[in-house]
Amino acid sequence: MILLETITVYNGYFGGAEVNPFLNSLLLLIPTLITILGVVMGVNYWLNYLFWKRIKRKNRTE
9 MILLETITVY NGYFGGAEVN PFLNSLLLLI PTLITILGVV MGVNYWLNYL FWKRIKRKNR
69 TE
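Just remember that our numbering sits 8 ahead of the position in the sequence shown, which is counted from 1.
Keep in mind the hints are simulated off the structure, nothing from the lab. It is possible that part of the hints are untrue.
Stated by the list, open to error - 25 Å max Cα-Cα, derived SDA-like pairs, lysine to any residue:
no.: 1; residue 1: Lys61; residue 2: Val51
no.: 2; residue 1: Lys64; residue 2: Ile44
no.: 3; residue 1: Lys61; residue 2: Gly50
no.: 4; residue 1: Lys61; residue 2: Gly46
no.: 5; residue 1: Lys64; residue 2: Thr43
no.: 6; residue 1: Lys64; residue 2: Asn52
no.: 7; residue 1: Lys66; residue 2: Val51
no.: 8; residue 1: Lys64; residue 2: Trp54
no.: 9; residue 1: Lys66; residue 2: Asn56
no.: 10; residue 1: Lys61; residue 2: Ile42
no.: 11; residue 1: Lys66; residue 2: Trp54
To be verified - Beta-carbon label-pair distances, calculated as ranges:
no.: 12; residue 1: Leu31; residue 2: Lys66; range: 30 to 40 Å
no.: 13; residue 1: Arg65; residue 2: Ile42; range: 27 to 37 Å
no.: 14; residue 1: Lys64; residue 2: Leu37; range: 45 to 55 Å
no.: 15; residue 1: Lys66; residue 2: Ser33; range: 23 to 33 Å
no.: 16; residue 1: Leu35; residue 2: Lys66; range: 23 to 33 Å
no.: 17; residue 1: Leu34; residue 2: Arg65; range: 24 to 34 Å
no.: 18; residue 1: Leu31; residue 2: Ile63; range: 31 to 41 Å
no.: 19; residue 1: Phe59; residue 2: Pro39; range: 22 to 32 Å
no.: 20; residue 1: Thr40; residue 2: Ile63; range: 28 to 38 Å
Every residue, glycine too, gets a C-beta built ideally from N, C-alpha and C.
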């Protein structure tokens, strides 16, 4: 939903794709990539955190 709102805001602010398709697509691409990168990094961080926690717990019991 946030991504959709961002796209709508960017489209409204820059007057849609008719003004400059390249500039508009570039301005849409940057926040999209940042969002995707943020989500991927966040998920990766949590998976790593849980994974290492589990390994440490196993090592303690042995």
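To see whether the hints hold, each was checked on the structure:
1. Lys61 / Val51: Answer holds: Lys61 to Val51 is near 15 Å, not above 25 Å.
2. Lys64 / Ile44: violated, 30 Å
3. Lys61 / Gly50: holds, 17 Å
4. Lys61 / Gly46: Answer holds: Lys61 to Gly46 is near 22 Å, not above 25 Å.
5. Lys64 / Thr43: Given that 25 Å is the threshold and the Cα spacing comes to 32 Å, the pair is violated.
6. Lys64 / Asn52: holds, 18 Å
7. Lys66 / Val51: holds, 23 Å
8. Lys64 / Trp54: At roughly 15 Å apart (the allowed maximum being 25 Å), Trp54 and Lys64 satisfy the hint.
9. Lys66 / Asn56: Holds - the C-alpha atoms of Asn56 and Lys66 are around 15 Å apart, at most 25 Å.
10. Lys61 / Ile42: violated, 28 Å
11. Lys66 / Trp54: holds, 18 Å
12. Leu31 / Lys66: 30 to 40 Å: violated, 53 Å
13. Arg65 / Ile42: 27 to 37 Å: holds, 35 Å
14. Lys64 / Leu37: 45 to 55 Å: Since Lys64 and Leu37 have Cβ atoms about 40 Å apart, the given range 45 to 55 Å is violated.
15. Lys66 / Ser33: 23 to 33 Å: violated, 48 Å
16. Leu35 / Lys66: 23 to 33 Å: Given a distance of about 48 Å, which is not inside 23 to 33 Å, the answer is violated.
17. Leu34 / Arg65: 24 to 34 Å: violated, 47 Å
18. Leu31 / Ile63: 31 to 41 Å: violated, 48 Å
19. Phe59 / Pro39: 22 to 32 Å: At roughly 30 Å between Cβ atoms, Pro39 and Phe59 fall inside 22 to 32 Å, so the hint holds.
20. Thr40 / Ile63: 28 to 38 Å: Since Thr40 and Ile63 have Cβ atoms about 35 Å apart, the given range 28 to 38 Å holds.
The earlier numbered hints that this structure contradicts are 2, 5, 10, 12, 14, 15, 16, 17 and 18.
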